[in-house]
Amino acid sequence: MKLRSLRYLGREGIKNIWSNRTMSFASVGVLVSCLLMTGAAVLFSMNINAGMKTIEGNNSVRVYMKQGLPTLSAVKAGEEIKKLDNVASCEFVPKDEAIKQYMNMLGDKDGTMLAGMTGKDNPLPDAYKVSFKDLSQYKKTAEQIKKISGVDTINDYSDIANKLTNLDRIVTTAGSWIILLLSLVSLFIISNTIRVTMFSRRLEISIMKSVGATDWFVRVPFVVEGVIIGVISGALASLILILGYDKLISVVTSITVFTPIPIRSVATTLTLCFIAAGALFGALGGIISIGRYLKNEGGDIVGW
Amino acid sequence: MIEFQNVSKVYSNGTKALRNVSLKVDKGEFVFIVGSSGAGKSTFLKLIMCEERPSEGEIVINDMCLSRLKRRDVPFYRRTMGIVFQDFRLIDNMTVFDNVAFAMHIVGASQREIRKRVPYILGLVNLQDKQSCRPTELSGGEQQRVGLARALVNNPKLIVADEPTGNVDPALSFEIVDLLSEINRRGTTILMVTHEHTLVKHFQKRVVEIHDGEVVADSAAQEVPHEA
Numbered sequence: 001m002k003l004r005s006l007r008y009l010g011r012e013g014i015k016n017i018w019s020n021r022t023m024s025f026a027s028v029g030v031l032v033s034c035l036l037m038t039g040a041a042v043l044f045s046m047n048i049n050a051g052m053k054t055i056e057g058n059n060s061v062r063v064y065m066k067q068g069l070p071t072l073s074a075v076k077a078g079e080e081i082k083k084l085d086n087v088a089s090c091e092f093v094p095k096d097e098a099i100k101q102y103m104n105m106l107g108d109k110d111g112t113m114l115a116g117m118t119g120k121d122n123p124l125p126d127a128y129k130v131s132f133k134d135l136s137q138y139k140k141t142a143e144q145i146k147k148i149s150g151v152d153t154i155n156d157y158s159d160i161a162n163k164l165t166n167l168d169r170i171v172t173t174a175g176s177w178i179i180l181l182l183s184l185v186s187l188f189i190i191s192n193t194i195r196v197t198m199f200s201r202r203l204e205i206s207i208m209k210s211v212g213a214t215d216w217f218v219r220v221p222f223v224v225e226g227v228i229i230g231v232i233s234g235a236l237a238s239l240i241l242i243l244g245y246d247k248l249i250s251v252v253t254s255i256t257v258f259t260p261i262p263i264r265s266v267a268t269t270l271t272l273c274f275i276a277a278g279a280l281f282g283a284l285g286g287i288i289s290i291g292r293y294l295k296n297e298g299g300d301i302v303g304w
Numbered sequence: 001m002i003e004f005q006n007v008s009k010v011y012s013n014g015t016k017a018l019r020n021v022s023l024k025v026d027k028g029e030f031v032f033i034v035g036s037s038g039a040g041k042s043t044f045l046k047l048i049m050c051e052e053r054p055s056e057g058e059i060v061i062n063d064m065c066l067s068r069l070k071r072r073d074v075p076f077y078r079r080t081m082g083i084v085f086q087d088f089r090l091i092d093n094m095t096v097f098d099n100v101a102f103a104m105h106i107v108g109a110s111q112r113e114i115r116k117r118v119p120y121i122l123g124l125v126n127l128q129d130k131q132s133c134r135p136t137e138l139s140g141g142e143q144q145r146v147g148l149a150r151a152l153v154n155n156p157k158l159i160v161a162d163e164p165t166g167n168v169d170p171a172l173s174f175e176i177v178d179l180l181s182e183i184n185r186r187g188t189t190i191l192m193v194t195h196e197h198t199l200v201k202h203f204q205k206r207v208v209e210i211h212d213g214e215v216v217a218d219s220a221a222q223e224v225p226h227e228a
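Residue numbers (this note's numbering), protein chains in the order written: chain U, 1 to 304; chain A, 1 to 228.
Derived from the structure by calculation, the hints contain no laboratory data. Here a beta-carbon is modelled for each residue, glycine too, at the ideal position from N, C-alpha and C. Don't take every hint at face value.
What the hints assert, rightly or not - Taking lysine-lysine and the BS3-like style, the derived pairs with C-alpha atoms no more than 27 Å apart in a straight line are:
id: 1; chain 1: U; residue 1: K295; chain 2: A; residue 2: K46
id: 2; chain 1: U; residue 1: K163; chain 2: U; residue 2: K53
id: 3; chain 1: U; residue 1: K2; chain 2: A; residue 2: K201
id: 4; chain 1: U; residue 1: K2; chain 2: U; residue 2: K66
id: 5; chain 1: A; residue 1: K116; chain 2: U; residue 2: K15
id: 6; chain 1: A; residue 1: K46; chain 2: A; residue 2: K201
id: 7; chain 1: U; residue 1: K2; chain 2: A; residue 2: K70
id: 8; chain 1: A; residue 1: K46; chain 2: A; residue 2: K24
id: 9; chain 1: A; residue 1: K201; chain 2: U; residue 2: K15
id: 10; chain 1: U; residue 1: K15; chain 2: U; residue 2: K295
id: 11; chain 1: A; residue 1: K116; chain 2: U; residue 2: K2
id: 12; chain 1: U; residue 1: K129; chain 2: U; residue 2: K100
What the hints assert, rightly or not - Okay, the calculated bits of chain A under chain U, using three or more residues with CB under 8 Å as the criterion:
id: 13; stretch: 69-79
id: 14; stretch: 102-110
The whole structure should be built from the sequences, with the hints applied where relevant.
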């Protein structure tokens, strides 16, 4: 196809948006709704994920050293724990500190109850408070820690780790499915909207075909129209979502302790994704519906 | 120019639209195709436009064998002919100029060519003053002349006119056929489907009559007494 034909068809596509403004408005409305639903699902999933990460981060594991292990060896073991890939933080809890924490827990502030258990008579071992980067790797990392010399036991945490990992997986999988489903619904609605536009212009298409227009010549204005409608819808949907989300998080933070992810951190990505998705949906919708139309009824010269 | 060799067309529902039609139209001829409704005229035109393929036989047009024409080559084949419809088929939200220019855009003509050629063609059909009108502002005869201009603008070797006078005042029908005759004099082959006997009698061209899917009469141009 010649460049000047493309220029002409591009202009035709833009003109068509205005000539068929009722249909264009309907398409924008449909696409904005679909993008809003998809965007809301994405933000919800991102927030759940962020919440999970916070919970995972707060959950630390105790690694107990062998009784009577010299402090130097305990520090060395700590260094080795820190070197492990999956270890996010590793904080030394000396046994004196541990017994103090116990005393506080038992309300024995002045130390009368556990008086015989301080200093050299402290029965508690030195320990490390270790948090993991990825809880699903809990078992493997726990095994690695156990192999380090000086380490006695590690408190069993696999149950919670498993539950959290499962929940994380469910949220991610469900989120992806919802997004995929909504994308398909959007594509279906858009291609049908364009199909309706096409039926309303079937006379024009049949004239084009009778004069010798190729399928691409018929297709390009619809694709241009679809892309422009998609970009406008993407921009509009991201604006609505950003404003709506901002309003919503100000309400959420005022009534719960949960800290939602700030919109500023995702606004640019969100807008770009929406515009790209809108353009892609528009173009795909155009190509799919026209392809079907031209293959079936659109190849004919209407009325003969 | 156009050659039908023992062409038959049977639709998938069993309707036999054309039976063993053999016909030859030479370059530069003007042929009226006549026949009652359902006689097979539409199928005849559809076969020429390559909208339908023959069930049997061969069609050769402009040295192209239509049964061997690939689907993707059909648009390029159609560009070698101009088509005029009974119901004009103009696009209402385009001006007269744009309706004609549209056919040139399809073949990839440049803006300069379009600006030069469209007014020339509109002059030929006597519509130079109506360039910026919308089709709805024109009379039936004028609209058909726009249709004719669109069919002519790419300088086709063949013009296929499907009852071009069907929606035009009887008085203006002669004007349309006069125009087609003028185009024919300049070397373009014309195939015109009609059932207006007065026109056929008046213009003394070759007449091919189709009845029940068969060519029942084919006359060379002859003097017919003028009835009107």
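Which of the numbered hints above does this structure break? Violated hints (numbers, rising): 3, 4, 9; every other hint is consistent with the structure.
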